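Fit chain B to the known structure of chain A by using the hints.
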Amino acid sequence: MAHGLLVKNDDDEVLIDSDFKHYHFLGKFNHTSVTQIPDIMEGGIANAAQGSNSNKGMQNMPSKGEIYKYTVSVNGTTPPMCFVKPTSTGSSAPFTGIVLTKQVSTNWEIWVFQSTVTSASPVLYCFSPLSQISNSTSTTHGLKTFDSSGGVTFDSRFKPLRVVGGGNITSPTLAHTGSTGSGYTASLNVNASNVSTSFTSQSSASDLIYYCPSIASACQEHTFSESDSGFHSWTYYAWARGDVWWCFYRSGFRIASTSSFEVNYGVYARGHVYEHVVDSTNVFAGLILGAITGGAYFAAAIAAAIAAGAFTSANVDGGNYLPYENSYRNNSANAFIISKASYYD
Amino acid sequence: MTDLYTINKKEELNGEFIISITLNSKVNSDWTEEYSEELLKNMTGHTRFQSSTGEIMVFDHDPTHEDILEKATEYGHEFSVDKKVKQDFAYGNLADTRPIVTKTEGEEDTVEYTRNLHPDEFTALYNQVPVVIDLLPTSICKKGKLFYLYYVERLKPTQWFNDSETFFLYSVRIHEDTEEIKRKGYNKGNPNNLPEHRDILGERPIIAAGEYLDENAITLYYPKTLGEEVDPAIVDKPYLGSHFKDDILIYTREYKHDDI
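Chains as they are written, first to last, in our numbering: chain A, 1 to 345; chain B, 1 to 260.
So that you can see chain B by itself, here it is in the shape it has in the complex:
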């Protein structure tokens, strides 16, 4: 038995052995099924890419395992594929497991801890939040006296967002002393046609837009390097966010994975 290939049919005709065979390929990885399921549960970016190619092989004898591997190599088959090569169409690359660091000129950096990747730091911050929270956030950070709680789309915090308030990502800002709560929703792109302030941002493509629900403020996100494609959800490349309040630019921040 081998998981490298499956022989679907073997036929002997006129002294030739005609083999219909499926050659398998999968991502070069040491992951076990159990570990993969654990990654899924914890919402950690990863891929389980695999592919199979049907081939026909002809031999003048009943082929051995080695004969088949040699023929597969002759055909150019790769039993193991590099996920980095495949990630574009495989739609799944490993997310950078380092925390997201937010940098603002003239301010101290802030670090966003994800529940599953940085449980100790996450828990330490979460335990400081002064209000009762119904649902554990996906990640959390603290800037000055403000806690920022982030929730992905699937974990909508209905404690603060009603049915009509639907976004790709949610956040709530909680003041450590006053317990004041401000809400913000995020969309990929700018589907709600928020003002894009082209006089300031030029032609930079808007990859995401943040909408404050309790004040007249928005944040527009765009790639740090013009021309780069950036996925704001996984922060695969650094991007910037310009914050406008009452249509006035207040600050611009950089978001990227970084070492603590």
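Next up, chain A with everything else stripped away, as it sits in the complex:
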């Protein structure tokens, strides 16, 4: 840096750098709508005479979280940095995280996922580089820095982002541990242990806001199939039923205390696809049915559901809600930043 301003604290951490476009308070935003990903369901015979008709719906499936949608009015290509003011804090608070940030015309649309449904709603405290903020002020004193091109990079009059804590946090690997169910009863609830990390202790947990986009996900499923064929009641019979229940989990976060930040998963989307086939007229067809029941069967059932448009007919953005099988992604080193709402209220 041939010229400019660099301010550091006693720990040699940079506080102000005139070459860096500092984020300044853009505003508080309440959600414009709230939604949930619709269940993805597809199934064959509704009331077959043979085989079990148990749980052809979503019985025993864990509840989904909800998605709050925000429209952040900031016109520019640099996405706003949005801090979450959660609905509550502590060891019973829901887990919340930003799952989508996209530019829509002259605004940015933010989706915040919360692991459980609450009456209160999270609020976003959003920040943006000064070049994207059209604030004005009559205050004539303070500190203002410029980069080498003459662009304003910091202005103390416009509530620059003040960080009080931060770090990295690693999500659990799988959202559900242990068996995924028995028979027609799926067990896919989030039972992974919360992961905690500490930050510089603050005076009030309820005043804290955090920036930590959800990047970790897990996808798990329970499959079950039964088939039978033979001779009974003077009748040949053959039937087969195969089911797959699945949950797609996204990570979320919470302020557990004045110095503890926690992460775990919530159910973002879920589905149940099944096929139930009965054939009492030709036992040999039944035998073939029994033979194909298995992994390939589920693949075929899901493919059929996709072909039927079940994955795109819901009133949500198009996409594949079952991106992978029984695994997790991006769980490690999720950076988080802590600030205070009271700085900006």
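Hints in this document: simulated from the structure, not taken from any laboratory.
This structure is a prediction, so every number in the text was calculated from the model and none was measured.
The beta carbon of each residue, even a glycine, is placed where N, CA and C say it ideally should be.
Heads up, a few of these hints could be off.
The calculated label-pair distances, taken between Cβ atoms and stated as ranges, are [claimed, not checked]: (1) Glu109/A <-> Asn14/B: 27 to 37 Å; (2) Glu74/B <-> Asp10/A: 51 to 61 Å; (3) Asp60/B <-> Ser187/A: 19 to 29 Å; (4) Val104/A <-> Asn14/B: 47 to 57 Å; (5) Met58/A <-> Asp60/B: 27 to 37 Å; (6) Gly167/A <-> Asn14/B: 12 to 22 Å; (7) Met58/A <-> Glu105/B: 49 to 59 Å; (8) Ser332/A <-> Asp62/B: 13 to 23 Å; (9) Gly43/A <-> Ile181/B: 30 to 40 Å.
Chain B only, in chain A's frame:
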């Protein structure tokens, strides 16, 4: 290779081995595929029930066969299922292979021999029938001078029943000396609304109804023990049949599997 499970996917992430696996279960039975097909051909009641459960298993090492079996046990998986436990929803239990014995008060018991289960006795009786028969019956019995030939739905004896005469089970009664033939058709329940004679039978549920096509007579079948569910086709529990001719109760018989 094992038929106990199939590993669908194995992934190593951060030192963990994540296994997507299908655990199989089937009826505890010594049957071979060949024997099962033979049972099907012979229309012998049996089941080939099997099930598969998809699970996820996580290990801190590449699991061995024993590791997987131990985890499956920990998950509560049963590789072998008891067909008697499963028969309700598996819709297939082994039929009692003993012959059906008909008991009528004051009369000698009669025994019904099934073609595939009691071939010697079946053949011996069948060879005594005095008329030419186009189609082998499923079972046969003799009471006094009357031969009773039974045909299941799939083996409709068109020699005696026309296209409009459709039933779940058919029988013909042939007199040994006169060769007179009387026909009877059976339905599950009472779909043709035959008179149920509630003044005599009370509220007993009608599980099947027999309709004589050549005389004004019917037989109403109901469980021997009130409240029991009985499948008249396989005679899984004893049931009774009350025979009415010209709306008058003539006799009541008991049907059950029994030792000869």
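Status of each hint after checking the structure:
1. A beta carbon spacing of about 33 Å between Glu109/A and Asn14/B agrees with the range 27 to 37 Å that was offered as a hint.
2. Glu74/B and Asp10/A have their C-beta atoms about 54 Å apart, which keeps the hinted 51 to 61 Å range intact.
3. Restraint check, Asp60/B to Ser187/A: a C-beta distance of roughly 22 Å satisfies the suggested window 19 to 29 Å.
4. Val104/A and Asn14/B have their C-beta atoms about 36 Å apart, which leaves the hinted 47 to 57 Å range violated.
5. A beta carbon spacing of about 33 Å between Met58/A and Asp60/B agrees with the range 27 to 37 Å that was offered as a hint.
6. Distance hint check: the CB atoms of Gly167/A and Asn14/B are about 19 Å apart, consistent with the given range 12 to 22 Å.
7. Range check, Met58/A to Glu105/B: about 57 Å between beta-carbon atoms, so the 49 to 59 Å window is met.
8. Distance hint for Ser332/A and Asp62/B: a CB-CB separation of about 22 Å, consistent with the stated range 13 to 23 Å.
9. Taking the beta carbon of each, Gly43/A and Ile181/B are about 50 Å apart, not inside 30 to 40 Å as hinted.
Consistency note: the structure conflicts with the earlier hints numbered 4, 9.
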